[in-house]
Amino acid sequence: MEFEAGKIRSEIRAFIVDSYLLGDESVKFSDSDSFMSCGIMDSMGILELVAFLEQHFGVTVTDDEMLPTNLDSVESLVSFIRSKSNC
Amino acid sequence: MKFHEDILKLDVARVTKQLCEAIRRQVRDDLKKSGAVVGISGGIDSTVVSALCARALGPERVLGVMMPEQESSGESETLARQLAAQFGFEAIKEDITGGLTGLSCYEKRDEAIKQLFPMYDKSYKCKITIPESILSKDTFNFFHLTIQKPGEEANTKRMTPNVYAQVVAASNLKQRLRMTTLYYHAERCNWAVAGTGNKDEHMQGFFVKYGDGGADFKPIANLFKIQVYQLAEYLGVPTEIIKRIPTTDTYSAGSTQEEFFFGLDFYRMDMLWHAMETNVPAAEAAKVLGISVQEAEHGYAHIARKIQATEPLRLPPLEIDLPE
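Chains L and P, in that order, are what the protein sequence lines are.
Sequential numbering from 1 applies to the first sequence in this note's numbering.
Sequential numbering from 1 applies to the second sequence in this note's numbering.
There's no promise every hint is true.
Said to hold, decoys possible - DSSO-like, lysine-lysine: derived pairs with alpha carbons at most 30 Å apart: (1) P:K137 <-> L:K84; (2) P:K108 <-> P:K9; (3) P:K93 <-> P:K2; (4) P:K32 <-> P:K137; (5) P:K137 <-> P:K93; (6) P:K157 <-> L:K84.
To be verified - Every beta carbon over 10 Å from chain L, so not counted as near; a handful from chain P, in silico: (7) R24; (8) S34; (9) Q82; (10) K114; (11) P150; (12) R158; (13) M159; (14) N162; (15) L264; (16) T278; (17) G290; (18) K306; (19) P323.
What the hints contain is simulated information worked out from the structure, not anything from laboratory work.
Ideal Cβ placement from N, Cα and C applies to all residues, glycine included.
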């Protein structure tokens, strides 16, 4: 299944706002902001994020893919999910 | 100062003297107590802290408390008794298995494990590990759960967040009950509880908040693990304790601290960390440590991320200042 970038972006942002920002949409973060560096989530948050990706987008995130380059910003997540869904 | 392989070598005599003076001052002047209670496990950190307390306060003002439970290694008690005898302080044993059973520690942990491995029962041993060296790539922390029956092949799966959180929350009851036990004895004697965490544990969050992190003073919290070993040798700690591989003493299959948490041997961990703290370029640190520049960069990134991610663990309870 192929996902459209805009839809992935908005669904990931909705998950982050709901799960880590107490639903507060006024908190601003850019698509390239590092979740860890900005303090949006900790290592437990990353585990929850991976569970969300697997459940919501139906992809499998392997151990080798648990990398900041794949998972640490909205931008990297959009590319990652798109690359997985094109496989 | 140029970064070199002995940069973390202490002047052990001078540091021991400074630590002992600080322990005396903190216990007497700040905490208004007249002795120290230390949880002793036969590990290097609790050994050094109890030896320092005995030297600083006098062995008659130190109480070592062994707190095994049904999954503890039997070797811990033997070593803990040996160290108490050597440094001359009293050691007592409090088995916390009954308390943990009362809190459903094992039951709650096993319930979570069964979500990943439905066949899991008491005949298995279990442990949590991180997958590989932190130097090989810049990876996020995630955890594998391994269960194994004696003589059979191990089963390993990546932990889901819910399973991980429940296994850790249940297992942390062990450290929290130990803290409760130490405070019982501290209050009974009007003494203070000494924390045994070193800098690696304290700053990278390898402790349980209000568990082993709950103490009145923490004498070695600013010392790297490899410096704790230097103090141990200077203080005359038994070789068996110095040579023992540090474990979590929390999971039944026996989990080393390297495979459970740090992902790297302590020498390279501490040296990389010191290099990062003192703004040594990764290339220079890599040369001294015999690793690639990329590996040093991964190490820097991993350590920095762990310190940042565990900051809330080190915060005291937050208070709210209401405006006038």
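Query raised in the report: Are the Cα atoms of K108 of chain P and K9 of chain P separated by 30 Å or less?
Result: violated (44 Å)
Query raised in the report: Beyond 10 Å from chain L, beta-carbon-wise, is R158 of chain P?
Result: Answer for R158 of chain P: violated, closest chain L Cβ roughly 6 Å.
Report task. Compute the least Cβ-Cβ separation between K114 of chain P and chain L, then decide whether it is above 10 Å. Result -> holds (18 Å)
Query raised in the report: Are all beta-carbon distances from M159 of chain P to chain L longer than 10 Å?
Result: violated (8 Å)
Report task. Taking the shortest Cβ-to-Cβ distance between P323 of chain P and chain L, state whether it exceeds 10 Å. Result -> holds (21 Å)
Query raised in the report: Given the hint that K137 of chain P pairs with K93 of chain P, does the C-alpha gap stay at or below 30 Å?
Result: violated (43 Å)
Query - Interface exclusion of K306 of chain P relative to chain L, criterion Cβ beyond 10 Å - result: Given a closest Cβ separation of 8 Å, the condition is violated.
Query raised in the report: Does K2 of chain P lie within 30 Å of K93 of chain P when you go C-alpha to C-alpha?
Result: With a Cα-Cα distance of about 47 Å, the restraint between K93 of chain P and K2 of chain P is violated, given a limit of 30 Å.
Query raised in the report: Taking the closest pair, is the beta carbon of R24 of chain P still more than 10 Å from chain L?
Result: holds (38 Å)
Requested in this report: Confirm or reject the statement that S34 of chain P sits farther than 10 Å, beta carbon to beta carbon, from all of chain L.
Outcome: holds (40 Å)
Query - 10 Å Cβ clearance of Q82 of chain P from chain L - result: Its Cβ never comes within 10 Å of chain L, the nearest being 37 Å, so this holds.
Query raised in the report: Minimum Cβ separation between T278 of chain P and chain L greater than 10 Å?
Result: holds (21 Å)
Hint violations for this structure: numbers 2, 3, 4, 5, 12, 13, 14, 18, all remaining hints satisfied.
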